[in-house]
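Undergrad: Here are the chains, one letter per residue:
Number of protein chains: 2
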Amino acid sequence: MEEDILYHFSLSTKTHNLPEMFGDTKFVCVGGSANRMRAFAQFMHHEVKLTGTPEDIRDICEGTDRYCMYKVGPVLSISHGMGVPSISIMLHELIKLLHHAQCRDVVLFRLGTSGGVGLAPGTVVITDKAVDYSFRPRFEQVVLGKVITRSTELDEGVAKELLQCSNELQNFPTVIGNTMCTHDFYEGQGRLDGALCSFSHEEKLEYLRKAYKAGVRNIEMESTVFASMCRVCGLKGVYL
Amino acid sequence: MEEDILYHFSLSTKTHNLPEMFGDTKFVCVGGSANRMRAFAQFMHHEVKLTGTPEDIRDICEGTDRYCMYKVGPVLSISHGMGVPSISIMLHELIKLLHHAQCRDVVLFRLGTSGGVGLAPGTVVITDKAVDYSFRPRFEQVVLGKVITRSTELDEGVAKELLQCSNELQNFPTVIGNTMCTHDFYEGQGRLDGALCSFSHEEKLEYLRKAYKAGVRNIEMESTVFASMCRVCGLKGVYL
Chain A
1 MEEDILYHFS
11 LSTKTHNLPE
21 MFGDTKFVCV
31 GGSANRMRAF
41 AQFMHHEVKL
51 TGTPEDIRDI
61 CEGTDRYCMY
71 KVGPVLSISH
81 GMGVPSISIM
91 LHELIKLLHH
101 AQCRDVVLFR
111 LGTSGGVGLA
121 PGTVVITDKA
131 VDYSFRPRFE
141 QVVLGKVITR
151 STELDEGVAK
161 ELLQCSNELQ
171 NFPTVIGNTM
181 CTHDFYEGQG
191 RLDGALCSFS
201 HEEKLEYLRK
211 AYKAGVRNIE
221 MESTVFASMC
231 RVCGLKGVYL
Chain B
1 MEEDILYHFS
11 LSTKTHNLPE
21 MFGDTKFVCV
31 GGSANRMRAF
41 AQFMHHEVKL
51 TGTPEDIRDI
61 CEGTDRYCMY
71 KVGPVLSISH
81 GMGVPSISIM
91 LHELIKLLHH
101 AQCRDVVLFR
111 LGTSGGVGLA
121 PGTVVITDKA
131 VDYSFRPRFE
141 QVVLGKVITR
151 STELDEGVAK
161 ELLQCSNELQ
171 NFPTVIGNTM
181 CTHDFYEGQG
191 RLDGALCSFS
201 HEEKLEYLRK
211 AYKAGVRNIE
221 MESTVFASMC
231 RVCGLKGVYL
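Going down the list, the sequences are from chains A and B.
Heads up, the first sequence is in the UniProt record's numbering, so the first residue is 1 and it goes up one at a time.
Heads up, the second sequence is in the UniProt record's numbering, so the first residue is 1 and it goes up one at a time.
FYI, nobody ran anything at the bench for these hints, they're computed from the structure.
Some hints could be false.
No copy labels: a pair is met if it fits in one copy or bridges any two.
Said to hold, decoys possible - The calculated SDA-like cross-link candidates involving lysine to any residue, where the alpha carbons are at most 25 Å apart (straight line), are:
#, residue 1, residue 2
1, K213, F172
2, K71, S33
3, K210, E140
4, K49, R104
5, K14, H201
6, K49, R136
7, K236, R36
8, K146, V106
9, K26, P54
10, K146, R209
11, K210, T149
12, K204, G145
13, K146, S134
14, K26, R104
15, K236, D193
16, K146, K204
17, K146, G63
18, K26, A195
Start from the sequences and build out the full structure, keeping to the hints where you can.
TA: So this is what it looks like as structure tokens:
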């Protein structure tokens, strides 16, 4: 391939020196909201004690409004929008970026909001397995019209390390559990206040009880494709 | 319901007077990119000959970075991000907004980029039916863990009216055809340059030929849920 264009980052192997820009990356942190990932990058700027003002960090993807991306020392902070298709485009281009930049031993963290199941508000859930609407640890990917099933187990080692950190800090109640990934926010997650709702409050609770019994501790919209792409591409991934 | 919060618009029936803000809306235009929908709103500002400067239009959803929204006379311009889950959240909240604002006879237009199949670049495709990866005109929605199938035919009348407009203008080659909706940009659409690719150039072409034979004229990532929600909610929808 003469040139590889990362369309949705507005970067390319011809117009950008990716090894120089990204070669020292060790941690990639991704989350849905662009504003939040900017705030996170500014927070990391303080934490890693860089010189310069955190407010001056520049969006590396400023040529597009699909995603935003900030680099703070060895940390890359990227937004991914909402839902499996949106994060999947970002992951394809991120994985190619890390490859072109010759990065080694990178850990990928997803930091996002989710709805807890049977947990006190504010509890952090570290994902053990990402599961689909019927609580199966799998992701269905369509490849040229054929459905392929991929596994969605995440790195156990990093998850346990993070749980250990949280135990030491004490002020962040944290559990390891299964994360259910849905493809919509309303009907798929049992919300009664969407434009469409065909079920009762009792049916909703019954579904959530079944999910809890299957080990589900939170619900959100991107975990299955994150987990499956990390596995297939041999990346260490943690999902919060 | 005492209060209805449209979370991802950062609007609510308690904090905003929705009939006053949106009651005269007649056309809702939606597209993926926030910058593009802002540019479109500024263009409409010229077209409908409003007073004031187009550059001063304000993002109604400025309290959140999930979507952006501009109102220009009877036209609402909203971004929806990439993929079915992202647009589905927007559509749920938009349909509730139009209901609360007591809007009547609204037409919903989606204006977006797509990959043409067997067409000259620049051709406008008005969607007849939105189809899935196996060319079926249907959308699978999961409701509390059960898969429900919804139809994805769009309003024939408005599509034909638009085609007529385009014939009169002459400088926009336009066709009516089926639109295939995929859940990713790389493997699902037969791209060879994703982080993962398990098929050959010939296999890709074979799939695209099959799609063309089934009436598919373009590929993108949001049409099936747009069409099915318009139908179920009784909204006139056009997809470009």
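Undergrad: Next step is simple, just say for each hint if it's right about the structure.
TA: Hints and how they fare:
1. In this assembly of identical chains, the alpha carbons of K213 and F172 lie at most 25 Å apart only when taken from the same copy (24 Å versus 56 Å across copies).
2. Taking the closest pair of Cα atoms, K71 and S33 come within 25 Å of each other both inside a single copy (16 Å) and across two copies (23 Å).
3. Proximity of K210 and E140 under a CA criterion of 25 Å is satisfied in both settings, with 22 Å inside one chain copy and 22 Å between copies.
4. Within a single copy, K49 and R104 get their C-alpha atoms as close as 23 Å, which meets the 25 Å cut-off; across copies the closest is 56 Å, which misses it.
5. Proximity of K14 and H201 under a CA criterion of 25 Å is satisfied inter-copy only: 23 Å between copies versus 55 Å inside one chain copy.
6. Neither within a single protomer nor between protomers do K49 and R136 lie at most 25 Å apart by alpha-carbon distance, with minima of 43 Å and 55 Å respectively.
7. Taking CA atoms no more than 25 Å apart as the test, K236 paired with R36 passes inside one copy only; the shortest distance there is 23 Å, against 36 Å between copies.
8. For the homomeric pair K146 and V106, neither the shortest alpha-carbon distance inside one copy (31 Å) nor that between copies (38 Å) is at most 25 Å.
9. Within a single copy, K26 and P54 get their C-alpha atoms as close as 20 Å, which meets the 25 Å cut-off; across copies the closest is 44 Å, which misses it.
10. Proximity of K146 to R209 under the C-alpha cut-off of 25 Å is restricted to the inter-copy arrangement: shortest distance 15 Å between copies versus 33 Å within a copy.
11. In this assembly of identical chains, the alpha carbons of K210 and T149 lie at most 25 Å apart whether taken from the same copy (23 Å) or from different copies (23 Å).
12. In this assembly of identical chains, K204 and G145 lie within 25 Å of each other by CA distance solely across copies; the values are 10 Å between and 33 Å within a copy.
13. For a Cα distance limit of 25 Å, the shortest separation of K146 from S134 qualifies both inside one copy, at 21 Å, and across copies, at 8 Å.
14. Taking CA atoms no more than 25 Å apart as the test, K26 paired with R104 passes inside one copy only; the shortest distance there is 7 Å, against 54 Å between copies.
15. Taking identical chains as interchangeable, the C-alpha atoms of K236 and D193 lie at most 25 Å apart only when they sit on different chains, with a minimum of 22 Å there against 37 Å within one chain.
16. For a Cα distance limit of 25 Å, the shortest separation of K146 from K204 across copies, 12 Å, qualifies, whereas the shortest one inside one copy, 32 Å, does not.
17. For the identical chains of this complex, K146 and G63 are neighbours neither inside a copy (34 Å) nor across copies (41 Å), given an alpha-carbon limit of 25 Å.
18. Taking the shortest Cα distances, K26 and A195 sit within 25 Å of each other only across copies (19 Å), while inside one copy they are farther apart (43 Å).
The structure fails to meet hints 6, 8 and 17 from the earlier list, while all remaining hints are met.
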